[in-house]
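One line per chain: the protein sequences are A and B, in this order. Under the UniProt record's numbering, read the first sequence as residues 1 to 430, first letter to last. Under the UniProt record's numbering, read the second sequence as residues 1 to 577, first letter to last.
Since the hints were derived computationally from the structure, they do not count as laboratory data. Positions of the beta carbon are idealized from the N, C-alpha and C atoms, including for glycine. Be careful, since some hints might not be right.
[Said to hold, decoys possible] Derived SDA-like pairs (lysine to any residue); straight-line CA-CA distance at most 20 Å: (1) A/Lys203 <-> A/Tyr87; (2) A/Lys207 <-> B/Leu344; (3) A/Lys401 <-> B/Thr166; (4) A/Lys207 <-> B/Thr166; (5) B/Lys326 <-> B/Pro307; (6) B/Lys265 <-> B/Val52; (7) A/Lys179 <-> B/Asp140; (8) B/Lys326 <-> B/Asp36.
[Stated by the list, open to error] Selected chain A positions facing chain B (Cβ under 7 Å, derived; list incomplete): (9) Arg86; (10) Trp88; (11) Arg106; (12) Asp121; (13) Ala123; (14) Cys124; (15) Pro131; (16) Val149; (17) Glu150; (18) Gly155; (19) Glu157; (20) His174; (21) Pro176; (22) Ser178; (23) Asp206; (24) Lys207.
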Amino acid sequence: MLVSVDNHLLGHTRTNAARPSRPPPSHRRREHGPTTTMTRTIATILAVLAVTLVLALPSFASPPAANATAADDATNNWAVLVCTSRYWFNYRHVANTLSMYRTVKRLGIPDDQILLLLADDMACNPRNSRPASVINNAEDRLDLYGDTVEVDYRGYEVTVENFMRLLTDRMPEHTPRSKRLLTDEKSRILVFMTGHGGDEFLKFQDKEELGAQDLADAFAQMWEKRRYREVLFMVDTCQANTLYSRISAPNVVAVGSSAKDESSYSHHMDMNLGVSVIDRFTYANLEALESVHLASASASSPGGLNRTSSLADLFATYDPVKLASTPGVRSDLSKRPLESIPILDFFGASLTGAKVPRDEDRVVLEARLEVSPVPTVEKVARPTEEEVGESKAPRPVGPVKVGPASSWRAYLHAAALAGLVGIMSFVTLV
Amino acid sequence: MNRSLALVALAVLYLVAIARTGHADATHAKSSSATDVFTEHLAVDTLPDGKVLFAFDFVTKRPWSSPGSRANENYDLFPRTLGQVLDRFGVEALDLTMTQGRWMHDAWGWPVDGYAAPPGFDVRAWLRTESRNATTLDKDWVGLTNALSGLFCGSLNFLDATNIATPALAYKDRQVSRVATVLRHGRLAREAVCTENLTPWGKLLPCSTKAGLAATLNGYRLFDADYHSIQTLVSISCTSKDGACTQQLTQRVVAVFNPLRQSNKPDWSFTSLMDRPWSRPACALAASSTLHVTLPDLPAGTFQLHPADYATVVISDKLVATFDLKRWSNTNDFRFEFPDPAPLLNSVFDHPPPTDFSVSRYLTDAGQERGILAADLINHRQVGDRTAQYTDVLPWFVREYLHTVTYTCYPLGHAAPVDGQVEGVWFQHGIDRQRPTVMEVQVTVPASHLCTLQVEYELANLQYAEFRPDAERGFEVGSGLVTLFLNGTRPARLPTAVDAKTSDVVRIHADIVQMQLPVPDFSMPYNVITFTCTVLAFYFGTMFSLTLSRAVSYRIGEKTKQPVVVKIDELGRHKDE
Numbered sequence: 001m002l003v004s005v006d007n008h009l010l011g012h013t014r015t016n017a018a019r020p021s022r023p024p025p026s027h028r029r030r031e032h033g034p035t036t037t038m039t040r041t042i043a044t045i046l047a048v049l050a051v052t053l054v055l056a057l058p059s060f061a062s063p064p065a066a067n068a069t070a071a072d073d074a075t076n077n078w079a080v081l082v083c084t085s086r087y088w089f090n091y092r093h094v095a096n097t098l099s100m101y102r103t104v105k106r107l108g109i110p111d112d113q114i115l116l117l118l119a120d121d122m123a124c125n126p127r128n129s130r131p132a133s134v135i136n137n138a139e140d141r142l143d144l145y146g147d148t149v150e151v152d153y154r155g156y157e158v159t160v161e162n163f164m165r166l167l168t169d170r171m172p173e174h175t176p177r178s179k180r181l182l183t184d185e186k187s188r189i190l191v192f193m194t195g196h197g198g199d200e201f202l203k204f205q206d207k208e209e210l211g212a213q214d215l216a217d218a219f220a221q222m223w224e225k226r227r228y229r230e231v232l233f234m235v236d237t238c239q240a241n242t243l244y245s246r247i248s249a250p251n252v253v254a255v256g257s258s259a260k261d262e263s264s265y266s267h268h269m270d271m272n273l274g275v276s277v278i279d280r281f282t283y284a285n286l287e288a289l290e291s292v293h294l295a296s297a298s299a300s301s302p303g304g305l306n307r308t309s310s311l312a313d314l315f316a317t318y319d320p321v322k323l324a325s326t327p328g329v330r331s332d333l334s335k336r337p338l339e340s341i342p343i344l345d346f347f348g349a350s351l352t353g354a355k356v357p358r359d360e361d362r363v364v365l366e367a368r369l370e371v372s373p374v375p376t377v378e379k380v381a382r383p384t385e386e387e388v389g390e391s392k393a394p395r396p397v398g399p400v401k402v403g404p405a406s407s408w409r410a411y412l413h414a415a416a417l418a419g420l421v422g423i424m425s426f427v428t429l430v
Numbered sequence: 001m002n003r004s005l006a007l008v009a010l011a012v013l014y015l016v017a018i019a020r021t022g023h024a025d026a027t028h029a030k031s032s033s034a035t036d037v038f039t040e041h042l043a044v045d046t047l048p049d050g051k052v053l054f055a056f057d058f059v060t061k062r063p064w065s066s067p068g069s070r071a072n073e074n075y076d077l078f079p080r081t082l083g084q085v086l087d088r089f090g091v092e093a094l095d096l097t098m099t100q101g102r103w104m105h106d107a108w109g110w111p112v113d114g115y116a117a118p119p120g121f122d123v124r125a126w127l128r129t130e131s132r133n134a135t136t137l138d139k140d141w142v143g144l145t146n147a148l149s150g151l152f153c154g155s156l157n158f159l160d161a162t163n164i165a166t167p168a169l170a171y172k173d174r175q176v177s178r179v180a181t182v183l184r185h186g187r188l189a190r191e192a193v194c195t196e197n198l199t200p201w202g203k204l205l206p207c208s209t210k211a212g213l214a215a216t217l218n219g220y221r222l223f224d225a226d227y228h229s230i231q232t233l234v235s236i237s238c239t240s241k242d243g244a245c246t247q248q249l250t251q252r253v254v255a256v257f258n259p260l261r262q263s264n265k266p267d268w269s270f271t272s273l274m275d276r277p278w279s280r281p282a283c284a285l286a287a288s289s290t291l292h293v294t295l296p297d298l299p300a301g302t303f304q305l306h307p308a309d310y311a312t313v314v315i316s317d318k319l320v321a322t323f324d325l326k327r328w329s330n331t332n333d334f335r336f337e338f339p340d341p342a343p344l345l346n347s348v349f350d351h352p353p354p355t356d357f358s359v360s361r362y363l364t365d366a367g368q369e370r371g372i373l374a375a376d377l378i379n380h381r382q383v384g385d386r387t388a389q390y391t392d393v394l395p396w397f398v399r400e401y402l403h404t405v406t407y408t409c410y411p412l413g414h415a416a417p418v419d420g421q422v423e424g425v426w427f428q429h430g431i432d433r434q435r436p437t438v439m440e441v442q443v444t445v446p447a448s449h450l451c452t453l454q455v456e457y458e459l460a461n462l463q464y465a466e467f468r469p470d471a472e473r474g475f476e477v478g479s480g481l482v483t484l485f486l487n488g489t490r491p492a493r494l495p496t497a498v499d500a501k502t503s504d505v506v507r508i509h510a511d512i513v514q515m516q517l518p519v520p521d522f523s524m525p526y527n528v529i530t531f532t533c534t535v536l537a538f539y540f541g542t543m544f545s546l547t548l549s550r551a552v553s554y555r556i557g558e559k560t561k562q563p564v565v566v567k568i569d570e571l572g573r574h575k576d577e
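In isolation and in its complexed conformation, chain A is listed as follows (with noise of 0.2 Å):
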């Protein structure tokens, strides 16, 4: 088209030898007449607008886990769960923590799908009166780190920028498997988050803060690179509610202890320890999650849950006068409503909803004997003669024996000042 457009301003002419290969110009169009250009510039902008259109076609379009059927076919389950607190004072956080790693584990996670991260180690702290025991209820005693656990990040490692690494997949070279997060487009992410915070940031350690934009660009991230299908985002600290109030992916559920300018209270101190053992919030959540179990469909106490109820019974039985504070839920950003979403969908394993194959649909592969070549062995890339042979003898790795003073040198030195110094008076006097 433009071509054209130009051709006829130029005022083509075949004898233009000068002329650069071109397509011959049609004639055709030079007999259409004056309305030719009007109708040539509005092809034009239609045709941009048009192509505009096409190539940002691909960012309207949404990624097929939109409609709500599609939701259900998550395959795998994993869960986050991090407390941000040091010090022994803080052993409340921890025990939330191992909390919900003990219901997870109990509800099916295995452990290479949790990532645990303590801030800090309580149960073998020498101020722990029951060595390598953490407990959440001074009455039942239930030691929560058992005998097998797996921590993942402790200590030190627990920062906010290992934590965003995490959620992002950002890591460096040689991380272990254990210590990342492979999820995939399939999969249910529990994120579980516990410690102190204040309006729209949770603390690490102390030293550092999470805010609530720098989460929601976590989150952001993870949906553009398909890294889960849903995450239900819980967290228990001071003013909870302000940390999820910036998410802005999709599929993403919330739920905070407290609202704005309002605390979240531990629950109770065991005398022993000298310290409160529990969070309100967790233990509410505790309350309602130990009286669901896999092998029965009942629940174990009267009006409790079962393994088919929602998350919206989960979160009717948060009572605000018992918690001290108000809880909220955000589920405006999930494709299905909170009726309709299992609690094990994301504190267990379940795959509730995904097509169990029929008999008729299965394809049988036939039986073929393959006689699998053997691998041949890759040499490793080792650097070449010209490196190594630069380095063939390295200069020593470690401390170097001292020597005794060597007294030539001593001397070298003694008549090099004398020398100088002789210059220099030679030089002042004369």
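Fit chain B to the supplied structure of chain A, relying on the hints for placement.
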């Protein structure tokens, strides 16, 4: 023509397939001729102060070929997760210990080499240097520490070039001679050891912690012990005859319990200390499962070991009762009874120091800017000097000065100093934020002398972000290894050795010292930003309003008494109104 070609092609393919499967069979047959061997062993001893030592040893051996060979990729009982990590990063030998507590040499005597380990995490890796330059070694070290941190749930990834050392003297007796290797040693003195470290360690065992001796390990009691150490040691040894090499993985748990904490009597049983039933399902993969109990050095009749039908052997001059756990028919667990506890309690209180060499490490003259790091080496022997090597690795922010090293000896009980004999000093000065200071000194400690090695240091200023979250706690400077060469002179008191081989080197891990660096005011960046922004706001606001607004001069008209704007060109001239 086409059919014959097709037939020829088929024949060739058939032959190739045969050849490939044949090759696979050959390698398979070759590797299955030598198999992995797993043995478990528990050594029990009563220490001089009445405490009880348990040392569990789980040893897995497998045949090993040259590095990178295909035969090494067959894993049977040897854990693949660990073996592949070592293979990938070219590790000839690895010592990884996770310890809490100190081995109290003054109370417990000389440990078997390896029982005593420094507190926290300690990693020693001998990396093969063949066809790897320093850069590749650094990268492989990073990979190794990251892999181990994921494997053992510890923060080993913090060991980078700033806090690892290649000592010149220490661990030379462990240096392998098979290939050229370089030793890299790193230590995390503050690392906690808890159930999350025991869990993956246990999963490396062939029977995991479900059967065999490992099933008796109880974290609740183990982490309550006076001293506990969980160790993973890998090494390769070759016989000189036919060059057949064996890779050996030793997983060890050493724990020291105090029976008096469970009851008021010195009687104890396995269950009373470990709180686990002694009879567990046996590990069918174990080639042997044995128990050695060292009988205490007490008069007969004052103690009784149950079950009473045991065979005794003499190991390291001590009487040891041996049991074969595979044929343990008694359903009861083994226990010690002391019908007459008086000799035991007397020996606890009256026993002379079981070791004749003590080490004490401390700070003196220490402040937030400078101080002196000192180590006391005490030779209690009446006759006979001792040669000791002292190795110290200090972080880069502790700047030691080589010219301030002093070594002074005092006869025991006297105050008059005598110049000590220093045989050599090996020094690597630290470079800020790049490498630590390493100082190694070989000295002679005369008989009945106390010798003090002192060196002055200065503390550097750390940047704001280099402090840990608990900055006021300071930094643990955890090293101070004293290597003692005994030259055949060991006191008789020694915990039971796993095998009768006793090494002539004793390693004493000195105390950890804690240095408090001056901590900055961490709120200062916030204060600076607030103040600077305020000043800028005032300045900017003023300037902005000045540039936007126009200054206009006016005068009050004499008659109208109203302000009259004076134009610039009229300034200086009075107009009559």
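Hint check: 7 Å Cβ-Cβ cutoff, glycine 155 of chain A to chain B
Nearest chain B Cβ about 6 Å off; hint holds.
Hint check: lysine 207 of chain A vs threonine 166 of chain B, CA-CA at most 20 Å. Holds or violated?
Violated, at about 33 Å.
Please check whether proline 176 of chain A passes as an interface residue: C-beta within 7 Å of a C-beta belonging to chain B.
2 Å, holds
Would the hint on lysine 207 of chain A be counted as holding, given a Cβ-Cβ threshold of 7 Å to chain B?
4 Å, holds
Given hint arginine 106 of chain A near chain B, where the shortest CB pair must fall under 7 Å
With a closest approach of 17 Å, the arginine 106 of chain A hint is violated.
Using 7 Å as the Cβ threshold, decide whether glutamate 150 of chain A counts as touching chain B.
6 Å, holds
Hint histidine 174 of chain A vs chain B: min CB-CB distance below 7 Å?
4 Å, holds
Please verify whether lysine 179 of chain A and aspartate 140 of chain B have alpha carbons no more than 20 Å apart.
It holds: about 19 Å lies between the C-alpha atoms, which stays within 20 Å.
Hint check: 7 Å Cβ-Cβ cutoff, valine 149 of chain A to chain B:
5 Å, holds
Hinted pair, alpha-carbon criterion (20 Å max): lysine 203 of chain A, tyrosine 87 of chain A. Please report holds or violated.
The hint holds at about 13 Å.
Would you settle whether the hint for cysteine 124 of chain A is holds or violated, based on the nearest Cβ-Cβ distance to chain B being less than 7 Å?
Since chain B brings a Cβ to about 4 Å from cysteine 124 of chain A, closer than 7 Å, the hint holds.
20 Å limit on alpha-carbon distance, applied to hinted pair lysine 326 of chain B and proline 307 of chain B
The given pair, whose Cα atoms are some 15 Å apart, holds under the 20 Å limit.
Hints 2, 4, 10 and 11 from the list above are not met by this structure, while the remaining hints are.
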